[in-house]
Each structure stands twice: as C-alpha cells, then as structure tokens.
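Visitor: Using the sequences and the accompanying hints, generate a full structural model.
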Amino acid sequence: MTLPSESPSIAAPTTTNGIVTRGVVKSFGVGDAKTFALKGADFSASEGELHLVVGPSGCGKTTLLSVIAGTLVWDEGEVEVFGTRLNGLDKGSITEFRRRHIGFIFQQFNLIPTLTLVENVSVPLLLNGVSRREAESRSAELLGRLGLGGRERKRPTQLSGGQQQRVAIARALVHQPRLVICDEPTSALDRETGHQIMDLLAGVARAPGRAVIIVTHDPRTYAYADRLTSMEDGRVSGVRHGAELKEFLSNHR
Amino acid sequence: MYRLALLMLLGDRSKYLMLVGGLTFSALLMTQQTAVFQGLLSWTTSHLRNMRASVWVVEARVEQVNETKALRDTDVNRVRSVRGVDYAVPMFQGVLKARASDGSDKQIQLIGLHGGSLVGRPPVVLRGRLEDLRLANTVVLDEVSAERLAAGRGRPLDIGDSFEINDREARVVAICRTERHFFGYPYVFCSYDQALQFAPRQRKMLSMILAEPKPGITPEKIAESIRRETGLNAYTTPEFERATNAWIWKNTGIPASFMTTIILGFVVGVAIAGQTFYSFVLENLRHLGALKAMGASNRLLSGMLMFQALTVGLIGYGIGLGLTAVFGLAVLPIGQPPFLLQPSSMVRTLVAILIICTLAALFGIRKVAKLEPAVVFRG
Numbered sequence: 000m001t002l003p004s005e006s007p008s009i010a011a012p013t014t015t016n017g018i019v020t021r022g023v024v025k026s027f028g029v030g031d032a033k034t035f036a037l038k039g040a041d042f043s044a045s046e047g048e049l050h051l052v053v054g055p056s057g058c059g060k061t062t063l064l065s066v067i068a069g070t071l072v073w074d075e076g077e078v079e080v081f082g083t084r085l086n087g088l089d090k091g092s093i094t095e096f097r098r099r100h101i102g103f104i105f106q107q108f109n110l111i112p113t114l115t116l117v118e119n120v121s122v123p124l125l126l127n128g129v130s131r132r133e134a135e136s137r138s139a140e141l142l143g144r145l146g147l148g149g150r151e152r153k154r155p156t157q158l159s160g161g162q163q164q165r166v167a168i169a170r171a172l173v174h175q176p177r178l179v180i181c182d183e184p185t186s187a188l189d190r191e192t193g194h195q196i197m198d199l200l201a202g203v204a205r206a207p208g209r210a211v212i213i214v215t216h217d218p219r220t221y222a223y224a225d226r227l228t229s230m231e232d233g234r235v236s237g238v239r240h241g242a243e244l245k246e247f248l249s250n251h252r
Numbered sequence: 000m001y002r003l004a005l006l007m008l009l010g011d012r013s014k015y016l017m018l019v020g021g022l023t024f025s026a027l028l029m030t031q032q033t034a035v036f037q038g039l040l041s042w043t044t045s046h047l048r049n050m051r052a053s054v055w056v057v058e059a060r061v062e063q064v065n066e067t068k069a070l071r072d073t074d075v076n077r078v079r080s081v082r083g084v085d086y087a088v089p090m091f092q093g094v095l096k097a098r099a100s101d102g103s104d105k106q107i108q109l110i111g112l113h114g115g116s117l118v119g120r121p122p123v124v125l126r127g128r129l130e131d132l133r134l135a136n137t138v139v140l141d142e143v144s145a146e147r148l149a150a151g152r153g154r155p156l157d158i159g160d161s162f163e164i165n166d167r168e169a170r171v172v173a174i175c176r177t178e179r180h181f182f183g184y185p186y187v188f189c190s191y192d193q194a195l196q197f198a199p200r201q202r203k204m205l206s207m208i209l210a211e212p213k214p215g216i217t218p219e220k221i222a223e224s225i226r227r228e229t230g231l232n233a234y235t236t237p238e239f240e241r242a243t244n245a246w247i248w249k250n251t252g253i254p255a256s257f258m259t260t261i262i263l264g265f266v267v268g269v270a271i272a273g274q275t276f277y278s279f280v281l282e283n284l285r286h287l288g289a290l291k292a293m294g295a296s297n298r299l300l301s302g303m304l305m306f307q308a309l310t311v312g313l314i315g316y317g318i319g320l321g322l323t324a325v326f327g328l329a330v331l332p333i334g335q336p337p338f339l340l341q342p343s344s345m346v347r348t349l350v351a352i353l354i355i356c357t358l359a360a361l362f363g364i365r366k367v368a369k370l371e372p373a374v375v376f377r378g
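From first to last, the protein sequence lines are chains F and C.
Mind the numbering: the first sequence is residues 0 to 252 in numbering that gives the first Met the number 0, read in order.
Mind the numbering: the second sequence is residues 0 to 378 in numbering that gives the first Met the number 0, read in order.
Just so you know, nobody snuck in bad clues.
Once the Cα atoms are required to be at most 27 angstroms apart in a straight line, the calculated DSS-like pairs of lysine-lysine come out as:
{"#": "1", "chain 1": "C", "residue 1": "Lys-96", "chain 2": "C", "residue 2": "Lys-203"}
{"#": "2", "chain 1": "C", "residue 1": "Lys-366", "chain 2": "F", "residue 2": "Lys-33"}
{"#": "3", "chain 1": "F", "residue 1": "Lys-90", "chain 2": "C", "residue 2": "Lys-366"}
Here are the computed distance ranges between Cβ atoms for each label pair:
{"#": "4", "chain 1": "F", "residue 1": "Asp-232", "chain 2": "C", "residue 2": "Ala-368", "range": "27 to 37 angstroms"}
{"#": "5", "chain 1": "F", "residue 1": "His-216", "chain 2": "C", "residue 2": "Thr-357", "range": "40 to 50 angstroms"}
{"#": "6", "chain 1": "F", "residue 1": "Gly-28", "chain 2": "C", "residue 2": "Asn-297", "range": "17 to 27 angstroms"}
{"#": "7", "chain 1": "C", "residue 1": "Asn-297", "chain 2": "F", "residue 2": "Glu-191", "range": "39 to 49 angstroms"}
{"#": "8", "chain 1": "F", "residue 1": "Ala-187", "chain 2": "C", "residue 2": "Ala-368", "range": "21 to 31 angstroms"}
{"#": "9", "chain 1": "C", "residue 1": "Leu-9", "chain 2": "F", "residue 2": "Asp-41", "range": "45 to 55 angstroms"}
In short, the hints are calculated from the structure, not lab data.
Don't be surprised by glycine CBs; every beta carbon is placed ideally from N, CA and C.
Guide: So this is what it looks like as structure tokens:
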C-alpha cells in the first residue's frame, strides 16, 4: 500500500479494468409512491484514479454509490466491478465481495465509539478472518503511517473530526481493497482538514490496482479529481477528465 | 468479532448495567421465589422424611400426608395379612397441647411409634437413646420442641427434664433432629401406647399403618396389593409425596401466588432486557449498518447480538443466583422462611433467563436483518 506524500496530480485512467454500470435503474416505493432514484445510469471508473461524482441533492449520487458498493439491490441494468459482474451474484457472494474488495469511508465516519482506534481499524481484517493479533498489529502500523501513532488505544471521541476521518480511512484501507467508496468525506470537516483528507485519498487512489470513488457536494474537492462525473435526475449527465476537467476546474475557481 | 461485540456492549456502561441489573433482578426473583416455594412444599411432606417407611397405609379418603382420618385397630392385622407384607405397625399422629416451662400452652405434633420395632423413628438422634421410649411416660423431642417447650426456662429441655402433655407428665429421654413441618409444630415422639394415653380418647385412634414389603417385593407392588385387598389407601413414599404436592397445587392458593411472582420475574426480565437491548441495538444501528456494509453477514451480526445478550444473561443469572444463595444462607439457620434451592430450579431459571435473552436479542436481530447496508450512506 502506498500513502500520499505529495499533492495529487490530474491523471487519465491507467486501465480500463475498472467499475462499469450500464443502464442501472433503481426505484423506491410502490404504486403511486414509486420514485426513481436512478433512471438508467451509465458510469465508469478506472483503476489508479480518484473519481468524483457530483450533482445536486437527490440526483442519485449516493444511490449509484450504494449500487456500485453492492449495498443496495437495483431493479435493472448491469454492474461490473473489476471484472466481477455483480448481477450474477447472490446476497452472500455480494457480501463477501464487499468484505474483500471494498473499503468504505462515511460522511459521519461511523467509527464505533466504544472501541479503541486500533480495534475500529481491525474490523475489516477480522471480518476477513485475520487473527486478532495480526489484525491489531497491521492496524497499529497503518495508524502510525497516517500520523496517529501512539494513539492506538484512544477512543474516537477523544480525537478531532479530521483525526477521526483518518481513522476511518485507515479502516477503509487496512484490508487493501481494490475499490474505496467515500460518501461526502469532507463535509463534516473544516477547510484545512478537508484538504488534508483529500490529499490522503488522492494518494490512495494512485496506488496500482485501486480506484477511489467519492460522492461529494463540496466544490473544494473538485481539484483533486482525476475524473469527474456529473449526475442529474438519476442519470449521468457528463464526464470530465484530462483537459476538459482542467477547463472545468479553472471555471470553478 | 465476538470480542468486539462484547466491547461494544461493555462500553455502553449504562445499558450494560441496566441489562445486568434487570436480568439479575429477574433471576433473583425467579430463583428465590422457587426456592421458597420448594421449601414450603418440602415442609408439607416433612412427615415422610421424619418418619421413614416404605408404605404408608391410610384411610381410603386420605389424599395427603398431613390429613388424618382414623383407622380401626383391626386394620393393622388386615394389612399384615396381605401377601407380601413383611410387617405392618400402627402409628399415631396428632396435634396436641403441651405445657411449656413458663406455664403457657404450646401445640406439638405428637407421633406415636410402634413400641416394639420403633418403625418410623426420627432419622437423627442427637442425644439419648430411642429405645428408652419403651419406658413409661417418655418422649423424644426434636430441637425445636426442646427450645419451644423451655419457654421462660433459660435453656432448652434436655434428657431427664419433664413437661406436661394434656396434663400428663412426659419425661425427655432423647433429643433428635427433624425437618420442620408445614404448620411449624415441633415434633414429639413417643411409643404408640403412650400416645394413646397422651391424646384425648376417641373411638378410633389409629392414624396410619407403616408397612414394609418382604425382600424382593417392591413397595409399589405391595401398596397396590394393600389397596386391592383391604380397600384402604396405600402409598409408597414417592407416591405420597407426589399426592401431597398435587393436593397443595389443587386445593391451596399457595402455588398460584408463587407462580404469579415467578411469572412476574420473567415478564419483568423480558420487559427490561428486551427494551434495553432493543434500545442498545437502535442506538448502534448506524454502526451495525456500517459493519454490514463492510461485509458482516446477517448471520455474524445476529451471532454478535446473541452473544451480547447471552453474556449479560449469564452475568445476571450468576449474580441473581449468588444473591439467592446469600438469602438462603441468611434464612436457613433461622429456619424460616422455607428455602430449598434445587439444581432443577437453578436449571429452570437458567433456561428462563436464556429465553429472556434470546427474545431480547431477537428484537434486535429482526431489526438488523431488515437493515439495508446502504442506510449508512443516508446521512
């Protein structure tokens, strides 16, 4: 695993072996109350890139993220993550797929307050059958590399928001997943801490064989994107990368 | 993960203490009330252990051991004539008044044993000789009667001391130990002939016949033969104990009263544990959802919840049982309230507590099973 040491740079996808959704439809409710959150979303992201999904509230960003992560069952369409077609998997296999290959970073961190930092970070390893001793050793090492060395036995409530998000990042990365899913990772943080976290995530995304998808409302994070997908009304309305993305970013400064 | 589940629960100190407290209270209530009830039931059958016999022959309508309907004297020989009976002896039991040292009247349970064989003798003789009951005007006291009949005397009655039963002198020749009787009357043993002199004269004085089968014949078989051939009722000791217990259940409100409290203990346990544990699950739903998103299966999460519930259940059970034992140790030397903590009662309480915990966990498991892992993305 490589962790960031420099600021991110804009880069094109290095491989096409990534995440693809085709014509994904997802509705909630039944009858007259039925509403469509996704109306045929086509999305793709590649390894080695930091991919931002942006758009107004209710446009389907989080729903798309949940579908890609396999945490939400969709109605129609195809979802493929690193060559694995999620459509063909039963519930148990999807759960196992998530356990092995996906790391999660949540808006509210979702660290368990009654556990220590090292115990929180160990969770994905324990879920994957790693022994407690090894899990805690690997977790402590990663916490150290994320600047939280010496605080392994503290509880999340004893940390600042930025530090808690670092712990959440450690938890998302400790089992070396191929895909890291982030839901509004900077929305609960101040400007400076938000930049630190984005630096970190951009570095994570550049690691070979890994992709990071971030759903965000926060324009401060756009500058970190390798690729930026805009959504509107349940569909992907545009994808920017390379020069087009640079131009878009310069217009948004 | 199960260790983390435990840490999650222990970390929520207030919920943990509430759960353990509720389950402790529930276990205490169920075990203590059962022990008191079992103790009470054992008091009702103490005759059976204080006067041991293989077969108890009583009047046909007698349903339990504390009931006396006198038999004819000739019934003893009728029982002796039943094939397979080794011997049968008469026995008197009745509640009489005895005069204590301070002149006050005390009620006693007078037991008249066959003078020749002393069948039905008390199980533990502390001092003196039972055989001296064959002497005139002699009695054997249990520790309670030795104490109670010595009221105003400063020390319990002992061998050589005298008192009066129905205005007749009774001289103490031995002190024995008995199990306390349901009505609390102290036991006074004497010979059958002596009992007939102490007791007010009635047309029929024979209370029971104690019989023993010949070697190789079971008490059940001989009891059946006695019933069939004499028309009297005959019980083996276990049968008489069951009949007495059944009579108590059927004819008194005692079991209903205890059962109500025991059920209340169960309901309180379900209510407190269920509500507290459900609230614990609700408060941790976001974290459980995150675990689910990270790949924890429903089975694993259910196992974690069950583990948490059973852990507090076993802790609560242990403390509850310990407190019950403390209660028992406090009351047993005093002799009341009755207390008999049987292994079966402990197992029943354990099962009840496990059921409570399972029910409490099921509320949470149902919630978690329905939980969409995507919930963690919804703010």
